[in-house]
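**Q** Sequences are here, hints too, so could you generate the full structure?
Chains as they are written, first to last, in this note's numbering: chain A, 66 to 189; chain B, 66 to 189; chain C, 66 to 189; chain D, 66 to 189; chain E, 66 to 189; chain F, 66 to 189.
Errors might be hidden in some of the hints.
Copies of the same chain look alike in the list, so a pair counts if it works inside one copy or between any two.
[Claimed, not checked] Within a straight-line C-alpha distance of at most 30 Å, the following computed DSBU-like cross-link-like pairs (lysine-lysine) qualify:
| # | residue 1 | residue 2 |
| --- | --- | --- |
| 1 | K185 | K153 |
| 2 | K153 | K186 |
| 3 | K120 | K153 |
If you are wondering where the hints come from, they were derived from the structure by calculation, not from laboratory data.
On a predicted model such as this, the values are computed, not experimentally measured, just so you know.
Number of protein chains: 6
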Amino acid sequence: MDRIEAGRQVLRELMGEAFLEARDATRNDFNAAVQDYADDVCFGTVWSRPGIDRKTRSILNIAMLTALGRPNQLRSHIEGAINNGCTKDELREILLHTAVYAGLPAAVDAFRVAEEILRKKEML
Amino acid sequence: MDRIEAGRQVLRELMGEAFLEARDATRNDFNAAVQDYADDVCFGTVWSRPGIDRKTRSILNIAMLTALGRPNQLRSHIEGAINNGCTKDELREILLHTAVYAGLPAAVDAFRVAEEILRKKEML
Amino acid sequence: MDRIEAGRQVLRELMGEAFLEARDATRNDFNAAVQDYADDVCFGTVWSRPGIDRKTRSILNIAMLTALGRPNQLRSHIEGAINNGCTKDELREILLHTAVYAGLPAAVDAFRVAEEILRKKEML
Amino acid sequence: MDRIEAGRQVLRELMGEAFLEARDATRNDFNAAVQDYADDVCFGTVWSRPGIDRKTRSILNIAMLTALGRPNQLRSHIEGAINNGCTKDELREILLHTAVYAGLPAAVDAFRVAEEILRKKEML
Amino acid sequence: MDRIEAGRQVLRELMGEAFLEARDATRNDFNAAVQDYADDVCFGTVWSRPGIDRKTRSILNIAMLTALGRPNQLRSHIEGAINNGCTKDELREILLHTAVYAGLPAAVDAFRVAEEILRKKEML
Amino acid sequence: MDRIEAGRQVLRELMGEAFLEARDATRNDFNAAVQDYADDVCFGTVWSRPGIDRKTRSILNIAMLTALGRPNQLRSHIEGAINNGCTKDELREILLHTAVYAGLPAAVDAFRVAEEILRKKEML
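**A** Right, dumping it as structure tokens:
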């Protein structure tokens, strides 16, 4: 399987078929390149590597995206973490941990995003 | 045990007695407040919480400090991660993962710091 | 008084009882930990220290939150600064000063947030 | 012509008279200082310098504002870049390039902003 | 007095004649533009404005440069703050405050820079 | 040619054979993955795309790396920009432009890095 296809499969397993279809539905001649880059490089090359599991990759993203202030992708990766087995208690501890290292504002913003996802998944 | 003492104990277990002594040796009337804050809040309050283990806390820090560009603390937490059971292969995968999300420059800077620690620990 | 209670009292004095009640109303088993961390560490430990006054702490936050791009907390701390005696003219000078050091985009975003608060307080 | 007037002229040429009028309509005694700073320093001093052309200045801004996560100004400068001759293909390549250096989340956020502008200009 | 001259005078009062001479000695045809921009825009325009005093401007910079991770300029502005009347105790409180909002790593890096300056000024 | 080879060729053309050899000499079982990622993704996939030329890619990097505070890679890409036809005057204008958008500290740090490269290339 080529890397774009491998990446789409990882994304499908991480976020579900509906997510992948919704993203494909937004595809146009401008953004096709970044969708392909995400599938090829992000999911098809890096996520596909062995050595650390998907739950670990998801929680690394939660920490990074909280520190970097990227709520759109944080939303997706909190959802992906939960799909990969991260519990609500683990999520809370991860976000509280970021308060020390990335600062309280970063953590507070991330808690707000996490609560959206937890409500959507009827876990709160 | 009060929180500062609890924090010192966590730091001792994470980095070793020599690290703690070296840090204490730098204490003066100006920086005592931030050393106490670190022991109290960071190690004695947040690190001491159950729910996620120390290896997980260490790798979250590796990701955040790489994204935030803080090599001094990244150095300590890479060392702490290794002390907490993170293998060289896992470390490589964590840092490569940051290249996608925090950008290649952030990851390249982190690989350089990691190699210092691995050489110091005769793992490279 | 324990640190959480001390912190709640600082927050009450800074932002008003209504703000504290509104925040408490959002409390749940997921976010309780970060609300307690904020009250304990942020307000009950650091804000409670002598040495610099509350207006100074507020304006330091305005500068940092502008540089870091955290509009949600910037909104609160601009309001807190005004409650702590910061005038509209001082606020303007603080934000213009950030344009040099954090860049014009950061300052422009902060001016927009400040105008929301000033209008809410009928100062603009 | 003094620098504020020179800056207003650059902004008029970059974004159009309607943009300048809309911005002037928001002027009040609080934000006048930052509007004047933008016209004086940003457009009337730096943008007015020879040596690199306006299209180049616009694309440098696209890269910086993507990396810094400033969507409001990114919106304006993507529009300014298009006004200065940047094609849709060039814009795509610039944003894809940021994915490597500023990380995929930064680039994905920027692609979303760019699509808004391209739709507004009926180029997508 | 034109703005560059006004700015040089502010810089002279803030950091001393020796600092200004040392900086002038590094001037060449490449960096003259940024030295002039600093004198003109930063010191001659923004710092010269009334409304907030120089000590306040200095401490805002300490907070921002700590959050942004810019140790070179942090060094200068900590020195400038001390020259403008900031005491060692106030400096400590400012930096500890940043630990909450910008994260502990940012504050620890800043404490290290501050200790360099305090030792240089025989205040530690 | 596979993407890693294509990327090595781009890097060779951008920075010279000596740079590539020096980098290869540092290769080990830990960092091979990030060297391959750089060659594959950065140079072999993104830099290899048509649509914007190499000089443009280099100057976008100068702007981003200045804003992000990554001096190690900024050093390389300033050198690459000069190799790709960027003049000293253009480099000055690019860096001065960043002062407005990324803040004066970011620009001052970048001017210092640029002067190192210009001296190394006997252009200053």
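**Q** Does the structure break any of the earlier hints, and which numbers would those be?
**A** Violated: none.
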